[in-house]
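> Sequence:
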Amino acid sequence: MPDGPLTAAELRRYAELIVRGCIAFRRGDVLVQRVNIAHRELAVAVSEAAYRAGAAAVDVEYDDPLVYAARIRHASKAALGKRTSWQRERMRALGRENVALVQVMGENELDVVAGLPPERVAEESKRLAAGPEMARIRREGRLRGTICAWPTDDWAARVYPELEPTQAKRRLGRDILSFCRLGPKDPPGHKGWTEHLAALRRRATRLTKLDLKEVHVKDDGTDLRLKIGPYSMWRGGGERDHWGRQIAMNVPTEECFISPDAAATEGVFRCSRPRSFGGRVIENLSGEFRGGRLVRLKARRESDRDWLARYLAAIPNADRLGEIALVDASSRIGQTGLIYYNGLLDENAAAHMAFGSGFAKTRTVPIGRKRYGVNRSKTHIDVMIGTDALNADGVTQSGRRVPLVSDGTWHF
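Plus 30 on top of the position in the sequence shown (first one is 1) and you've got the working numbering.
No lab work stands behind these hints, which were simulated from the structure alone. Treat the hints with caution; some may be incorrect.
[Unchecked claim] 20 angstroms max Cα-Cα, derived EDC-like pairs, lysine to aspartate or glutamate: (1) K328 - E170; (2) K391 - E170; (3) K400 - D253; (4) K107 - E170; (5) K257 - D271; (6) K391 - D271; (7) K328 - D253.
[To be verified] Cβ pair distances, simulated, as ranges: (8) H104 - D418: 42 to 48 angstroms; (9) R323 - Q197: 41 to 47 angstroms; (10) P433 - R118: 45 to 51 angstroms; (11) R122 - G58: 47 to 53 angstroms; (12) R122 - D250: 20 to 26 angstroms; (13) G429 - T114: 53 to 59 angstroms.
Predicted model, so just to flag it, every value in this text is computed and none were measured. Cβ atoms here follow ideal geometry from the backbone N, Cα and C, with glycine treated the same way.
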């Protein structure tokens, strides 16, 4: 497409990375895509890449912000988040070895969703969140999927307001390629991406071997102590799924992360970047945790603070942490100095934490009725707390203090 954000060659390379470098697609597999109607160009390219790889079928689910807004505003409470029988069957199918999922981020028609009531948005989120069967599929590593990004007119205009629309999308498209190690200075093919993931996995392994009982994060306005429970492991750079395929759940990615003990976070935080959520941009977010629970929340605009507080209050355990992730100043996303108003990109620009659900895959024992400190919730909202001045120390089981990140730079 002449006005698209990428050239034909760039688009093909990006789609091939998603299919071959992130979800380990094989001949005979089935691909499910969940995309916004503004992501059609990428959906077509990913479909072509999947069929070239021998796909048995590609199923694309298009979402429309206007339809979503209509549902939130006008559906009965009983209808919010309700799944049809065929939607439930499709969810169950995602746990099969030969089925893979690609989800695309990149907001469109932002103003449509910005004014929606937070309680009804939360109700929709709760019911659309993974039920017991999907939760088990995730715990067992049987969900083979990835989340990627695609420039839309609205999103590109927010990041590059000084550029005309086509140029803004192209600039954002080039940024995304660079973050995925597909830029003009990166190695050919997907070698740069593969090497980057391997480096993150090595770092996560070293963090796990430290056997930490606490992580202490300090930055401008942030002083948090997070308990790390037993049987914990750090993750980063993708993972092997239940069948041994090497996958990357996010593209791009820069983080090493873990789920802290949800009942034991103490201290204060100040967000270093705005958070785009629900069509609104929440700035200068700060707060305090006591006994693992969020007890104070502030934002630059009181209306944004109230919206987020009402949303969190409507979902059980959304006021506890499910993740702490360390990202240092070498992140290509952070080095741009830009705010991308997109959770996938901004969370990989800086150290962050997440309200809500934690990750069973950060424990070396099965998570079930016994949670081993992993938070259970039906939302997951990342907020960025790191800057180039970030300091993060670990405390080992013997009480030894180990520097992890100093002045924004990894120690290993």
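> Now look at each hint and say whether the structure bears it out.
Hints, one by one, checked against the model:
Of the supplied pair hints, the one linking K328 and E170 is violated, its CA atoms being roughly 37 angstroms apart against a limit of 20 angstroms. The hinted pair formed by K391 and E170 meets the criterion: a straight-line CA distance of about 8 angstroms does not exceed 20 angstroms. For the hint pairing K400 with D253, the CA-to-CA distance comes to about 29 angstroms; that exceeds 20 angstroms, so the pair is violated. At roughly 32 angstroms between alpha-carbon atoms, K107 and E170 are farther apart than 20 angstroms, so this suggested pair is violated.
For the given pair, K257 sits about 27 angstroms from D271 by alpha-carbon distance, which is inconsistent with the 20 angstroms threshold. Distance hint between K391 and D271 is fulfilled; the C-alpha atoms sit about 10 angstroms from each other, no more than 20 angstroms. A hinted pair counts as satisfied when its Cα atoms are at most 20 angstroms apart, and K328 with D253 qualifies at roughly 16 angstroms. Between H104 and D418 the beta carbons are some 46 angstroms apart, a value that agrees with the proposed interval 42 to 48 angstroms.
Checked against the hint of 41 to 47 angstroms, the C-beta distance between R323 and Q197 comes to roughly 46 angstroms, which is consistent with it. At roughly 48 angstroms, the beta carbons of P433 and R118 sit within the given window of 45 to 51 angstroms. The supplied range of 47 to 53 angstroms is broken by R122 and G58, whose beta-carbon atoms lie about 19 angstroms from each other. Between R122 and D250 the Cβ separation comes to about 46 angstroms, which falls outside the hinted range of 20 to 26 angstroms.
Restraint check, G429 to T114: a C-beta distance of roughly 54 angstroms satisfies the suggested window 53 to 59 angstroms.
When each numbered hint is compared with the structure, violations occur for hints 1, 3, 4, 5, 11 and 12.
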